[in-house]
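Taken in order, these protein sequences are the chains called S and L. So for the first sequence, our numbering puts the first residue at 36; every next one is plus one. So for the second sequence, our numbering puts the first residue at 26; every next one is plus one.
Keep in mind that the hints are not guaranteed to be accurate.
[Said to hold, decoys possible] Straight-line Cα separation of at most 20 Å, SDA-like style, residue types lysine to any residue; simulated pairs: (1) L:Lys229 <-> L:Trp328; (2) S:Lys150 <-> L:Ile316; (3) S:Lys150 <-> L:Lys229; (4) S:Lys153 <-> L:Ile69; (5) S:Lys335 <-> L:Asn141; (6) L:Lys57 <-> S:Lys335; (7) S:Lys153 <-> L:Asn141; (8) S:Lys150 <-> L:Gly72.
Calculated directly from the structure, the hints in this document are not laboratory data. Being a predicted model, the structure only gives us computed values, none of them experimental.
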Amino acid sequence: MRFNLNRTPTARSRFEALIRVALMAAAGLSVVTTLLIVGSLLFETVEFFGEVPIGDYLFGTKWTPQFAGAQQSFGVVPLVWGTLYLSLIALIVAVPLGLLSAIYLSEYAPNRVRKVVKPVLELLAGVPTIVFGYFALTFFTPNVLNDVFGLGVGVFNGLSAGIIMGLLVLPTIASVAEDAMSAVPSSLREGAFGLGASKLQVSLRIVFPAALSGIVAALILGASRAVGETVLVLLAAGQTPNLSVNPTESYQTMAAFIAAQARGDIPTGSIEYMTIFAVGFTLFVITLVLNLVSIRLVRKYRQVYE
Amino acid sequence: MTGAQMAAAARTQTGVIPGRTRREAAAGNGFKVLMLSAVAMAFIGLGAIIWDFASDGASVLSWNFITNFPSRVIPERAGIQSAIVGTIYLMIICAVLVVPLGVMTAVYLEEYADGNRWYNRMIEVNIQNLAGVPSVVYGILGLAFIVRGPLSMGPVLLAGGITLALLVLPVVIIVAREAIRAVPPSIREGSLALGATQWQTIWKQVLPGSIAGIATGVILALSRAIGETAPLLVVGAGVSLRFNPDGLDSSFTALPIQIFAWTQDPNEEFVTRAAGAICVLMIILLLMNSIAIWLRNRYEQKW
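Chain S with its partners taken away, still in its complex shape (with noise of 0.2 Å):
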């Protein structure tokens, strides 16, 4: 008996046809969100440096779109800057305390307690940001920084918004870091306890470095949602472009320029308006860059163990 390869399309087989041309059709859309978010962006971004020369934006250190004439200034520099030591206070809370409960989680933690630790991360985790900026605002700037410890901190102020940022980019460097841990073949560490090695030696020699570049990973995504983060910082840090290191200062971010600039119902085509892709775009390069080698460290740990 011979089959005919080319057999003539049937009623079912053109159905099945078109259902793969849809769900391609769907996958495509994410695609073409993409390229969406990249053109929207682009187009405004190049009328603006037709306004504004990239030198000026790209190493200016005064960022005063608001005003009008010789003291209108579009230097990026300090909303990068307050962006990038923000991000630096979030991590330098978020990372020690994520590392260490995702060591805790991995390693350490018997199976009950565990089953309680996760979920208080992940309901750690769902909590919108507004919540977090509203905690920092009414409550951690005034009773904890001010009463607490006498910092005389002003309401918005660079100190109460990296901490409390901290504390919401935890639960994500605490989850993917313990991913990378727990996917350490448990033979390495029994060969490790068997030379008799400690717990903490296994951990922290064997586990660790075995796990580094996931952790890695987590770190880079954590800073990217640091990095993005918006309404914790317009409503904790403040509005004010600075490029001081006094973390008690209000400082502004790339993110929350956006969304303060944005919320005035500005007119399309103008200035003001090419300002918020311009400062959209640097963001969004600096996310993809981190996301991009996030990933890539992630694949590269599941190749090895999986």
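Since the structure of chain S is already known, use the hints to place chain L on it.
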């Protein structure tokens, strides 16, 4: 603690392995304390956040607070009806868009796509990247493409809904893929061996087997969507609206936007209202998460 007791403690800590020094045991204990304090910090942080808004906001929670419209003048009468209704509408629009698109994409990637083809790999990396794009950037997309520019809808309900749908679509795709992947290949092979076509296998076997996981993921994605503030700020959601949206092309507000506006208000009484609105938002989120957990436990297939 005397030296003898410490030595005894060190012995019980270190077990039978000889040569373990007291210092190593102390380091092990010190590290345990460090780890537990790190975990405790997360607990304290979460506890403090909840205690803060609950103690501030409990006093304003009443039926009137939920059914009144916001007021810019009289805090005692300011309520959140338009914000709650706006949030519910946004959630419905988001679900209608995200469920078919997310599930279709997940089915394509898991059941049809050849992972060695460059375009399929591109789609995958692209989705992972989209999941990491800051939410405020989705707001810019909504502003430039939906509110103004090509679609020019204006700052209306549908524009907000589409923006949020694009934002959570990658999350839904990723979770739906995991749910579909959890259906063992033997189920598919059995169905195909009985003469079912690929689509019949997916429709009758794979999707019913993964529906609990998909539904859980959708609910979690929607609970992320309704907590988002930044994209709605950029898209141009209204503040303190004294009417409910009456169509897809109507102005709208949402709970996070109202919370944002009241938190920034110089009048303390309005800040208290923000805490009350946070209580309502968190209760909605808690309900959605409980439903998700219930669904997962009740309907999850064990293979």
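_Violated hints, by number in ascending order, as checked against the structure_ = 3, 6, 7
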